[in-house]
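A.B. asks: Sequence:
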Amino acid sequence: MNWSDFFAMNGYALYVWGSYGMALLALLIEIIVVRRKGIAVLRRLRIVRNTEDTVL
Numbered sequence: 001m002n003w004s005d006f007f008a009m010n011g012y013a014l015y016v017w018g019s020y021g022m023a024l025l026a027l028l029i030e031i032i033v034v035r036r037k038g039i040a041v042l043r044r045l046r047i048v049r050n051t052e053d054t055v056l
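At position 12 of the sequence shown the residue is numbered 12 (this note's numbering), and the sequence of numbers has no breaks.
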């Protein structure tokens, strides 16, 4: 087996590599969304903590 046969995947290369690409894209989007939500939650907690400090 050589590298060109491996990357060609016996004629199924477009399906196989496309599937890997879509899975990688989904994982990257998930990481970005989770990170943004985490930052938003921390920002809200910081605001709540600061308002509680000023009220007390």
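Hints in this document: simulated from the structure, not taken from any laboratory. Any given hint could turn out to be false.
DEER-style ranges, computed between Cβ atoms [said to hold, decoys possible]:
#1 50 x 6: 54 to 64 Å
#2 49 x 23: 31 to 41 Å
#3 52 x 19: 48 to 58 Å
#4 52 x 6: 53 to 63 Å
#5 33 x 54: 54 to 64 Å
#6 48 x 23: 36 to 46 Å
#7 13 x 35: 53 to 63 Å
#8 1 x 26: 25 to 35 Å
Glycine included, every Cβ here is placed at the ideal spot set by N, Cα and C.
A.B. asks: If a hint holds in the structure, say so; if it doesn't, say that too.
C.D. replies: Quick rundown of the hints versus the structure:
At about 57 Å, the CB distance of residue 50 to residue 6 agrees with the hint of 54 to 64 Å. The given range of 31 to 41 Å is respected by residue 49 and residue 23, whose C-beta atoms sit roughly 39 Å from each other. At roughly 49 Å, the beta carbons of residue 52 and residue 19 sit within the given window of 48 to 58 Å. Look at residue 52 against residue 6: about 60 Å separates their beta carbons, and that is inside 53 to 63 Å.
Judged by the Cβ atoms, the range 54 to 64 Å given for residue 33 and residue 54 is violated: they are separated by roughly 32 Å. In this structure the supplied range 36 to 46 Å holds for residue 48 paired with residue 23, their Cβ-Cβ distance being about 38 Å. Take residue 13 and residue 35: their Cβ atoms lie about 32 Å apart, and the range 53 to 63 Å is violated. Taking the beta carbon of each, residue 1 and residue 26 are about 29 Å apart, inside 25 to 35 Å as hinted.
Taken one by one, the earlier hints fail for this structure at numbers 5 and 7, listed in ascending order.
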